[in-house]
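Colleague: Letter by letter, the chains look like this.
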Amino acid sequence: MRGQPVGWRTWKSLLLVGTLITPTIMAAQAPAYRAPRTADGKPNLNGIWQAMTSAYWDVEPHAAGPSLVRELGAIAAVPGGLGVVDGGQIPYRPEALARRNENRAKRLTLDPEIKCYLPGVPRATYMPFPFQIIQSQKYVMFLHEYAVAVRTVYMDKHTEPPADSWMGWSNGHWEGETLVIDTTGFNDMTWFDRAGNFHSDQLHVVERISARSPETLNYEATIEDPQVFTKPWKISMPLYRHVEPDARILEFRCVEFVEDLIYGNLRKQPKP
Amino acid sequence: MTLRLLQSIGILTLACLVAPITATAQTQAAQAKTNTAKRPYTPPRTPDGQPDIQGFWTNSTYTPLERPKNVDKEFYTPEEYAAVVKRAAANETEQTTPGTTADVHYDFTQFGLDRSQSTMTRNLRTSLIVNPENGRLPPLTEEGKKRAAEQAEQAKKVGRWDSAEANQLDDRCLIMGGSGPPMLNTAYNANYQIVQAPGYVMILTEMIHDVRIIPLDGRALPNRNVRQWIGFSRGRWDGNTLVVETTNLNGKNPLEGSSENMKVTERFTRVDKDNIQYSFTVDDPSTWSRAWTAELPLRTTEGPLFEHACHEGNYGLYNTLVGARLEEKKAAEAAAGGGKDTAERKPAK
Numbered sequence: 001m002r003g004q005p006v007g008w009r010t011w012k013s014l015l016l017v018g019t020l021i022t023p024t025i026m027a028a029q030a031p032a033y034r035a036p037r038t039a040d041g042k043p044n045l046n047g048i049w050q051a052m053t054s055a056y057w058d059v060e061p062h063a064a065g066p067s068l069v070r071e072l073g074a075i076a077a078v079p080g081g082l083g084v085v086d087g088g089q090i091p092y093r094p095e096a097l098a099r100r101n102e103n104r105a106k107r108l109t110l111d112p113e114i115k116c117y118l119p120g121v122p123r124a125t126y127m128p129f130p131f132q133i134i135q136s137q138k139y140v141m142f143l144h145e146y147a148v149a150v151r152t153v154y155m156d157k158h159t160e161p162p163a164d165s166w167m168g169w170s171n172g173h174w175e176g177e178t179l180v181i182d183t184t185g186f187n188d189m190t191w192f193d194r195a196g197n198f199h200s201d202q203l204h205v206v207e208r209i210s211a212r213s214p215e216t217l218n219y220e221a222t223i224e225d226p227q228v229f230t231k232p233w234k235i236s237m238p239l240y241r242h243v244e245p246d247a248r249i250l251e252f253r254c255v256e257f258v259e260d261l262i263y264g265n266l267r268k269q270p271k272p
Numbered sequence: 273m274t275l276r277l278l279q280s281i282g283i284l285t286l287a288c289l290v291a292p293i294t295a296t297a298q299t300q301a302a303q304a305k306t307n308t309a310k311r312p313y314t315p316p317r318t319p320d321g322q323p324d325i326q327g328f329w330t331n332s333t334y335t336p337l338e339r340p341k342n343v344d345k346e347f348y349t350p351e352e353y354a355a356v357v358k359r360a361a362a363n364e365t366e367q368t369t370p371g372t373t374a375d376v377h378y379d380f381t382q383f384g385l386d387r388s389q390s391t392m393t394r395n396l397r398t399s400l401i402v403n404p405e406n407g408r409l410p411p412l413t414e415e416g417k418k419r420a421a422e423q424a425e426q427a428k429k430v431g432r433w434d435s436a437e438a439n440q441l442d443d444r445c446l447i448m449g450g451s452g453p454p455m456l457n458t459a460y461n462a463n464y465q466i467v468q469a470p471g472y473v474m475i476l477t478e479m480i481h482d483v484r485i486i487p488l489d490g491r492a493l494p495n496r497n498v499r500q501w502i503g504f505s506r507g508r509w510d511g512n513t514l515v516v517e518t519t520n521l522n523g524k525n526p527l528e529g530s531s532e533n534m535k536v537t538e539r540f541t542r543v544d545k546d547n548i549q550y551s552f553t554v555d556d557p558s559t560w561s562r563a564w565t566a567e568l569p570l571r572t573t574e575g576p577l578f579e580h581a582c583h584e585g586n587y588g589l590y591n592t593l594v595g596a597r598l599e600e601k602k603a604a605e606a607a608a609g610g611g612k613d614t615a616e617r618k619p620a621k
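Protein sequences appear in the order of chains A and B. Each residue of the first sequence is one higher than the last, beginning at 1 in the numbering used here. Each residue of the second sequence is one higher than the last, beginning at 273 in the numbering used here.
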C-alpha cells in the first residue's frame with residue numbers, strides 16, 4: 001500500500017465503500033427529488049403506474065425473437081430488451097439454470113401467465129398492464145389490471161405470512177422518501193417473466209420505491225432465494241404515471257379467456 | 273389454505289340451495305335509526321377529509337333477498353329471528369350428515385355461517401328488499417318475461433357439466449355474488465376491506481380477490497361500448513354517505529334476471545363505529561316495471577383478508593368435467609355392452 005499513490009488508495013477505498021453501500025446510494029440518489037406529501041406527511045405514491053420495458057418477456061438482456069405461436073406472426077413476436085437485472089445475468093445455481101432452460105423450452109405450456117394465474121412479485125410490477133397504488137396510513141394497496149391481482153402491503157402491523165400464496169405477504173415501511181416492502185410467504189408456482197426465470201417457495205423480495213419526478217417512480221427489487229440462486233440479485237427500472245385525466249384500471253378478468261385452453265378437451269361436444 | 277379455499281368451489285352452489293330456506297339477520301336498520309335519533313354519529317375523517325369507512329367488513333347474513341312466501345311481515349321478533357337462524361344453521365349442518373354427497377366434500381360447521389369463522393350481521397328484517405314493501409322483486413316487464421323465457425329455453429339445451437362455460441360463474445371462478453355491484457352476501461367469506469386515498473374508495477372482496485376502484489372526481493362515463501363484469505362505478509360523498517352509481521355492465525352476470533341496462537345506485541353510511549348501512553337501488557326498465565331497493569348492513573370483522581386464488585386451484589371444475597365425461601363413457605359402454613349381451617343371448621335361445 002505504501003508504494004501506491006494516494007490517489008489509487010482513495011479510489012480503491014471509495015470503490016470498496018461503494019460496493020458495500022451501493023443499495024443505500026441507489027436509494028438515496030433518486031430522492032434528490034422530494035415527492036409531494038399525502039395529508040399525513042408521507043411521500044405520495046398514489047397513481048396509476050406502468051413499466052415501459054420488455055422485461056415481462058425476459059428480465060435478462062435479450063434480442064428480439066419470433067412469436068411462440070406461428071399464426072400470430074409479428075403481433076406476438078418478442079421485442080428485444082437490454083435487461084433489468086443488475087449485472088445482466090441471474091446468478092442461478094447450476095441445477096436451477098437447467099430447470100430455467102427447461103422452463104424456457106416448454107414455456108408455451110408451463111408459463112403460469114398463459115393460464116391467467118396470479119403473477120407473483122415482482123413480475124406483477126412490469127407486466128404490460130397498468131396498476132394502481134392506493135395509499136392509506138395502514139395499507140398500501142397494489143391493484144393490478146392483469147387478472148385483478150391484488151397485493152396488500154401492511155404498513156402499521158407487521159406479521160409473518162399466515163400461509164404461502166401467489167402474491168406473497170408484504171410488510172412495508174418508509175425510509176425517508178422510499179417505500180420499502182419486504183415480501184415472503186410465496187408459493188413456488190410463479191415466474192419472473194415469460195422466459196422461464198423462476199424461484200422456489202423460499203423467495204424473499206425486498207422492493208424499494210421512490211418518486212423520481214412528478215410522473216415517474218424508481219422501482220427496484222432485491223431477490224433472494226438460496227435454493228435457486230447463489231446470491232441475491234437486483235432488478236431496477238423506472239415506472240411511469242398514466243397521466244390521461246380519465247386513466248383507470250380496466251377489467252382484465254382473463255379466466256374467461258383461458259377456459260377453452262385449460263378445459264376445452266373436457267367438453268361434451270367439440271366447440272363448433 | 274389453498275386446498276380449503278378451493279374446496280369452496282361449488283360450495284356456493286350448495287349455498288344457493290340453502291339460501292331459500294334461510295331467513296334473517298339484521299337489526300342495524302332499526303338500531304341505526306335509534307342511535308341516530310339519540311346522538312348523531314359523526315364518522316372520523318381520513319387525512320384528506322373523507323368520512324372514514326376504512327376497515328374490514330362483512331355482510332354475512334341469513335336474510336334472503338326476497339321475503340319468504342310464508343312470511344307476511346317486515347320484521348321478525350327476536351324470538352322468531354333466533355328460531356330462523358337456528359333452523360338455517362341446522363340446515364347447513366345437515367349437509368355434512370355422514371353418507372350424503374355433501375359430506376364427502378364440505379364441513380358446513382366450518383364453512384357455514386352458523387359456526388363460521390367470521391362475524392355475522394344481525395337484523396330482524398325478513399328480506400333484504402325493503403322497497404317494494406312486500407319485500408319481493410317487482411313484476412317483470414314484458415321484455416323481462418320474454419328474456420327470462422328465452423333463457424330458460426336455452427338452459428334446457430345445455431347441461432351444466434357439458435363444458436366449463438356451461439358452469440355457474442362462481443364455479444368458474446369468474447365472479448361471485450360478493451363482488452357486485454350490488455355487493456350481496458356470499459355463503460361464507462363474505463368479507464371486504466375498504467381503503468381510501470385522495471379521490472378514491474377501494475373495496476376489496478375476499479372472494480376471488482375482486483377489486484372495485486371507485487373514483488370520486490365526477491369523471492365522465494367511458495363510452496357505452498366499453499362494458500365490464502363489474503361495470504363502471506363513480507362515487508361522490510353526499511354528507512356522510514358515499515353514493516356510488518354503476519352502469520356499463522356487460523350483462524353476463526345478471527342479478528335476478530337483470531339486463532345490461534341495469535343501473536345500480538349504492539349508498540354507504542357509517543352509522544356507528546362497527547356498522548355501515550349499505551343499501552342499493554336497482555333500476556332496469558328492460559327487466560322490472562319499477563326500481564327496487566335492498567338493505568344489507570356491513571359490520572366490522574377481524575382482518576386481514578387472505579388470498580382467495582380461486583382459479584389457480586380450480587380442481588373442482590376440472591374434476592366435475594372429468595367425472596361427467598367418465599359417467600357418459602360408462603353409460604355409453606353399458607348401453608353398448610347391454611346391446612351386445614342381448615345379441616349374444618338371442619342366438620343362444
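Treat the hints as calculated values from the structure; they're not laboratory data. Beta carbons are placed, not taken as given, at the ideal position from N, Cα and C, and that holds for glycine. Any given hint might turn out to be false.
No more than 27 Å apart at the CA atoms, straight line, and that leaves these computed lysine-lysine pairs for DSS-like [stated by the list, open to error]: (1) B:601 with A:268; (2) B:417 with B:601; (3) B:429 with B:535; (4) B:428 with A:271; (5) A:271 with B:601; (6) A:268 with B:524; (7) B:417 with B:428; (8) A:138 with B:545; (9) A:271 with B:545.
Chain B regions said to be covered by chain A (calculated; three or more residues, Cβ under 8 Å) [to be verified]: (10) 392 to 399; (11) 443 to 450; (12) 474 to 482; (13) 581 to 592.
Colleague: Below or equal to 27 Å on CA atoms is what counts here, so check residue 417 (chain B) against residue 428 (chain B).
Modeller: Judged against 27 Å, a Cα distance of about 17 Å means the pair holds.
Colleague: Is residue 271 (chain A) within 27 Å of residue 601 (chain B), Cα to Cα?
Modeller: Distance of about 19 Å is within 27 Å: holds.
Colleague: Can you confirm whether the C-alpha distance between residue 268 (chain A) and residue 524 (chain B) stays at or below 27 Å?
Modeller: 22 Å, holds
Colleague: Decide if the proposed pair is consistent with the structure: residue 429 (chain B) and residue 535 (chain B), CA atoms, cutoff 27 Å inclusive.
Modeller: 30 Å, violated
Colleague: Check whether three or more residues of the stretch 443 to 450 of chain B sit with their beta carbon closer than 8 Å to a beta carbon of chain A.
Modeller: holds (count 4)
Colleague: Under 8 Å between beta-carbons, do enough residues of the stretch 474 to 482 of chain B, three at least, approach chain A for the coverage claim to hold?
Modeller: holds (count 5)
Colleague: Counting residues of the stretch 581 to 592 of chain B whose CB is closer than 8 Å to a CB in chain A, do you get three or more?
Modeller: holds (count 5)
Colleague: Take a quick look at whether residue 138 (chain A) and residue 545 (chain B) sit within 27 Å of each other, Cα to Cα.
Modeller: 17 Å, holds
Colleague: Between the stretch 392 to 399 of chain B and chain A, are there enough contacts, at least three residues with CB-CB distance under 8 Å, for the coverage claim to hold?
Modeller: violated (count 0)
Colleague: For the pair supplied as a hint, residue 601 (chain B) and residue 268 (chain A), is the alpha-carbon distance within the 27 Å limit?
Modeller: 11 Å, holds
Colleague: Are residue 271 (chain A) and residue 545 (chain B) close enough, with their CA atoms no more than 27 Å apart?
Modeller: Cα-Cα ~53 Å, so violated.
Colleague: Need the status of pair residue 417 (chain B), residue 601 (chain B): alpha-carbon distance at most 27 Å?
Modeller: At roughly 38 Å apart (the allowed maximum being 27 Å), residue 601 (chain B) and residue 417 (chain B) break the hint.
Of the numbered hints given earlier, the model fails hints 2, 3, 9 and 10; all others are met.
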